[in-house]
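Chemist: Two chains, each in its own frame: build the complex with the hints.
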Amino acid sequence: METAPTIQWGYLIYLTVLRLCQYFGAHEECGFCDINHNWRQHKKEGRPYTGVKPVEDVLEALTIIDRYDDARASKAYTLTGGSVTSTVDGLAEADFYGATRRRSRSASRSAGSARSSRRRCRARDVQRYKDYGITIYHPNYEVWDKRLFSLISPGKERYVGREEWHRRIFDAAEVFGARYVIPNFVAGVEMAKPFGFETVDEAIASTTEGLDYFMSRGITPRFTTWCPEPTTPLGRDNPDGAPLEYHIRLLEAYRDTAEKHGLKPPPGYGVAGAGNAVFSGQLLHGRAPGRGGGAGMTSRIGVDEARALWEDASDEELKRLAQGVRARWHQPDRATYMVMRIINYTNVCVAQCDYCAFYVLPNQDGGYVLSREDVFAKIDELVGVRRRPRRLQRRLQPAAAARLLLRPLRVGARALRRPGRVLRADDRRVRLPRRPRGPELRRRCRAPPRRRRPLGDRRRQRDPDRGLPGPARQVEVHGRRLLRGAARDRRERDEDDRDDGDRLRRDAGGAPRAPAARRAISRTRPAASSRSSAGRTSRTERRSAAARSWRASTGGTSRSRGSSSTTSRTSARPF
Amino acid sequence: MRSARLDYGADDFDLPIEDEVTQKAGATIDLDLEGLLAIPRALGYRVEYRRAERPAALAS
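Chain order of the listed sequences is L and E.
Under this note's numbering, the first sequence has 29 at position 29, and the numbering climbs by one with no breaks.
Under this note's numbering, the second sequence has 1052 at position 52, and the numbering climbs by one with no breaks.
Looking at chain E on its own, in the form it has when it is part of the complex (with noise of 0.2 Å):
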């Protein structure tokens, strides 16, 4: 199940570690990121790491 949004389109996820609100809802944050980032590669997606920065049209 963990899969399927990046079966039905998505292309990228974030891995939070920490997000209280969520938690508070009733969220669980599982921290095992290396596990949880074999699925995509299982699943044939090359993965990569998104840098959090300004997109290249707004740096020039």
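So that you can see chain L by itself, here it is in the shape it has in the complex (with noise of 0.2 Å):
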């Protein structure tokens, strides 16, 4: 079953910065959420797939919509991405997302709208939102029903709260104005087995009660239909999503409630309601609606419009419905055509798509991969035909795989010049390692030159981890078990007001403890009395004491520090 989106709201770009979220594992993760499934699925294939998406990416995307987009049809575009409970490239979370945001700035019209969703933060940390230049706010309340919440956002309902949450997107309305704050919950989730509710009315009623208490307070929250993925746990137990009635119905009582409340639709978005559904499908080879032909963008057709042309409309009838919508972005009377080769160098794919009967998985008998010759006999073989080749169809292979495979094409295309611009003539750059791997492809293709770069550069940025927390690393000193290092220094930051969840100090509370260090030192060690002799001595002072004390009790001799006997350096370090 294909869950299609209830409502498509205006038009929309949505940018995901940080494609995976810090609220991870079984523990913490939403239940319909996948975004650090697909990390953990892509990581596991070993494509190169980062957690951090790279400015650069984010300005191409951008500058590219701003250049096609003549109708100015975009108006917002959301940075959203995952959770962030400690820091991202060193960034807390308004930070990272309030960068981004600010070296997209140049490459947007829009930027003005531009907006932030994901999280909930202190009113403090929504101010820096603020000052970004963000205008716009997507406190996500995921589901409305308190039990559920704690049940499908457990990270959330741990780091944060469900009340500390709604009270939070209140403050965000003092700061941003209550129209700019958009809480997202997931339409249907409330459904999904086994905790879900077991009755549409049962859902709407919860879902109906969570639009009244934010649109009371003017605050105009938005859903996302949910799209059952098939690696979550709710997406597992729950194929078919939520039933069509639900979402019928749900529609009703969003518009109710918002005329109840005298609320209009939510900035960048337009009425929600059947036939209402707007798609930005409207750029075709470089044309935006209202160009070509001379013909303005019209409306498209409603229900009832499209029910009559289904049962009743001839064929001749149809075509010519047909030509006036292509004469709208095309010359009527032009046709183009390409010829074309798809070039299969391997069919070897670990994608298994249900409709291929193509691929082969790695190490099953009948897999091939082309040598560079026959790749290369194949595109001479289609310009001797017509042209040139369009495609390299690459298909998905492990990293280490696709880097042999395409590392000498690209080196020899670029010896050979002309296949170099056929592979690059498709519009879709195929991105490529910048060395070859391996002593034999070194010998055969001429490495490009390795640039020096500046730190912060877009290599340390694809760093795939530097997303995650770190687990809390500790040591134990005399008994107490401390956090070190990057865990200290966090723990350290986070015993401010800005740590949202205490999970530092939650994880080091509930951890075993750790093994002593020098085990056979520590059974030797002074005794109480004479380490807590001590007072306020200095560490010199303490270190001296003890040492001596310890070679007392164990009947070592006095030797010089710098010996290089084991007993005198042991005794000069007790601890």
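Beyond 10 Å from chain L on every Cβ pair, some chain E residues (computed):
#, residue
1, T1028
2, D1030
3, G1035
Covered stretches of chain E (in silico footprint by chain L; criterion: 3 or more residues with CB under 8 Å from a CB of chain L, positions within the stretch not fixed):
#, segment
4, 1016 to 1024
5, 1041 to 1048
Calculated directly from the structure, the hints in this document are not laboratory data.
Note that this is a predicted model, so its numbers are computed, not measured.
Built from N, CA and C at the ideal position, the CB exists for glycine as well.
Modeler: This is the structure:
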């Protein structure tokens, strides 16, 4: 079953700049969200998938939209991604998203409508979002019901809590203005088994209560339709999602509640309801509606008109209407074509698409990989037939295999020059690794010169693990468990009120005790009275006193500190 | 039947000479390119070869 979005509101650009969420693991991830599952899958397959999307990619996307969107259809773009409970690139959440927003400002006209979503912050963090130029804020509350919130979004419940989450939404409204705070909920997930409501009536009643709660205070939530992702716990248990009746009644409830409180659709969004869907696929071959053919954009057909066409229209009428739509963007009497050859340099693929009869899994019989000579022969053959080939079909292989396969092609293509243009002829750029791997390839291929890169460059930004909080490392000193290194620094930082969940303190409290280092020495430590007698003396004095006491208890002889004797060195460092 | 897509609003088409994936799924590929191009011409279309290149907006 395909679950189509109930509503496509307006023209929105979503830029996922952080492709993983620090609510990580089974006890923290939202049950409907597959952002971390995606990341894990990509990493498992060895694909070059990064948690932090390079800002350059974001800028590129915005630049393309800016150039093509002559109709000025894009009214806002949304910076979104996973929640940040600690830091990414050493930046707290507001600073991370704010920095992306700041860099993207120059690339888009719609900069004034930038948004940020995902996580609820305290008022002063919200103010920082505002200071970065973000004008709309999406603190997603996911599901209204209290019990379901704790079950479906355990990370948010654990770190912040539902009531605090809601309270901070109102705090954000004071900073941004109620109209510009648009909390999102996941429509239909409240019916997910095994925890969800049994009936549509119960689900609608609960969700309407949430809508009423926020809308009565001038805040207009929005919703995204729950599309069960097969890799998520709720998606596995509920492949069909919520019933159609739920979605229809939700639209009615949403519209009625908004009218009850005199609210208009939130900024950047259209009117909710059947027939009001607006899709942004208006740009064809670089032409926007209203250009080409001189025909302006007309409204989409309604449900009744579509039904009438489906049931009653003749072929001739359908042709006439289709040609009319075609003429909006293209010259009516012009058709274009392209001679092409899809070169499958291998049939080995790991994607396992249901419809594909072509792929062979790694290590299965029947797999092949074409040699460079074979690939270039196919290209030359096509050039001999007509024009240029269009596409080099890349399948999904483990990253190492893809590197080995594609690298020589690229280097060879550069050398031959003509195939180089061919390979890049397609609009879709094939991203290739910069250096060949393995001695054989290095001998055969000419590696491009290495460039010196400044700190903070793109390669560093592509480190996929930076976004994840590392485990708290512990050491035991005199029976006390202490965090050390980065974990200690993080704890100290989180002790201020910017810490939403006290995660590190909790982890440190619940973690098993680290084994004592240098156990043999710890058994022969001076007596507790000896150590405590050091009082407020200096560290050196305490060490000397402890060393003397230890030597006395073990009968060791006094030697010079610089001796190579093991006993001597140990005695000088009793801890 | 070959002209159906053009009649119903399509404006651009590919003439593949090889596509192993669809061929393995049972499709046959006609290599008579001029014969194929004669069909839209007979329907009154001005047929142009579309070069594979980046859109002008991106090339600048």
